[in-house]
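Peer 1: Given chain A, work out where chain B should sit, using these hints.
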Amino acid sequence: MRSGFKKLFIGFLFVFLKFHIIVDLLPDFIGYILIYNGIKQLATLSSQSYDKLKVLTIVLAVVSVPNFFLNDQIIQQSEWLSYYPVLLSLLKVILVYYLFDLLRVIAKLLPFEETLHATNRIFYWYMAVNLGSLLCQSFIINAPMDIMLSVSVLIVVLGLIIEIAFLVYLRNMQKRFSKDEIIE
Amino acid sequence: MKNWFWRIISVILLCWTVNIFYYQSKQLEEPIVLDTYIDMPSSEQTSFKLFYLTNKNDVIELDSLQINGYTYSNENSWFPWFGELSAQAYRQEFSHHFLKEASFTLTEEDLGNVNEGVQTNNIFAHFTNGQIIPVKVDKLALTPIAEEVSIFSSPSSFSTNNHGEAVLLKVEEPVSMNPIELPDLVQQHKDLKVMVWKDSKGVSTAFSELANTSWDQLDAPLYTEVTWPLQIEPVDSVALFFHTKESLNEIKFISALQPWTGKTLDGKVVSHDIYIKNEPWLTQKQVNALLEKARGEAK
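In order, the protein sequence lines correspond to chains A and B. According to the numbering used here, the first sequence is numbered sequentially starting from 14. According to the numbering used here, the second sequence is numbered sequentially starting from 20.
It is worth saying that the hints were derived from the structure and are not from the lab. Keep in mind it's a predicted model, so treat the numbers as computed, not measured. C-beta atoms are modelled at their ideal positions from N, C-alpha and C, and glycine is treated no differently. Worth double-checking, as some hints may not be accurate.
To be verified - With beta-carbon atoms standing in for the labels, derived distance ranges: (1) W93(A) x A313(B): 16 to 24 angstroms; (2) I152(B) x E92(A): 15 to 23 angstroms; (3) W138(A) x S114(B): 29 to 37 angstroms.
One chain only, chain A, in its complex shape (with noise of 0.2 angstroms):
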């Protein structure tokens, strides 16, 4: 299961980081191949066999391969091409509220009720400034330039935090595993 943890932590990290010299040296499809194996593992904890969430993580990793290629540039010269991280961003965000049900159910497991409740705690939070930051998105490519700069700001920087929070959240459920750690 520490495994499995961390191929989740692994595999978000590289969604998360975006390091783009000719192309993203953290691919982002390279990411969720590992959500998909850490998937795949933590799901043998569970007696549903979380079919819809493995191929959402597939279908990512298909729809995120051209971002392997692209950088903000060639994004912004497009005009269709700029609502290309948008549609990311939103089958991210579907990703993440079924993985949060696998991950409610590991942590029921979990002898410590402080588990479960930092489990929904980062769910609600991440769901409300991802789904927050995705409908402001929508109307600010209508603002005048500086209020769409400002919100622009506020939203990578709630972004951001919430980002950390999740990969932080994943590393401590990763340590909660001992090693050689069975559960039933």
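Peer 2: Chain B in isolation, oriented as in the chain A frame:
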């Protein structure tokens, strides 16, 4: 729990769809260069401007102007670093567009080419994205200044916030001035009121107050209502108040010098050049009207 999530996703998708449609409906397929009327004196280096609208999210600048086959570069062409949208130079910002300004300077040799006979339907604007757009120019005349005898001085002039300009004039000797004639194309866009003070005491203050009054409340006769010829004495002051008519159908940049002629008591012909300009300061409604006109012509 799943219900609320999918409802929110539906709302997000709906908002995106509506906003994208609205955004697309406001996009220009190509920049719009405002109609232009230029009738100015030339010198060793003669400058004039053009104004144009572009989409905010397209980093496009007017690169050069082609007149009768000759090409002149825009001195105001400012391409922002890395094509950064927010670093564009503009005159006015609107919801989805920028109003930008292009400036051209012609040397005497260039003027020779231009004044060979400008075919006003043979002027094209070249943009940095490769688009070439015909520019509607009602007049482009840059002619050498004729020797004029002027007995006028201009103690002060104003540009006001409500789309107006004003100039205060005094004469050195008694003069009888002919009616001011504005070209038809200028009359469509500019109004002119004339005020004469028979005593110059306190005129500066009175002039400033009138210049800052709204056009409708400015208590001076229109130039067409003045009794011509206008007799002006050295103790008198004459103020000319210009106002740009706010029109949704015709938006034009005007830069022109209009001679105002008259005679002194001893029969000497005098002339004073009145500078008429209309650098555009548009409202969102005017931009919307330009957009609709552009789309209507494209259909």
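Peer 1: If a hint holds in the structure, say so; if it doesn't, say that too.
Peer 2: Outcome of the hint check:
1. Taking the beta carbon of each, W93(A) and A313(B) are about 21 angstroms apart, inside 16 to 24 angstroms as hinted.
2. Between I152(B) and E92(A) the CB atoms are about 20 angstroms apart, so this pair conforms to the stated range of 15 to 23 angstroms.
3. Range check, W138(A) to S114(B): about 33 angstroms between beta-carbon atoms, so the 29 to 37 angstroms window is met.
Comparing the model with each numbered hint stated earlier shows that all of them hold.
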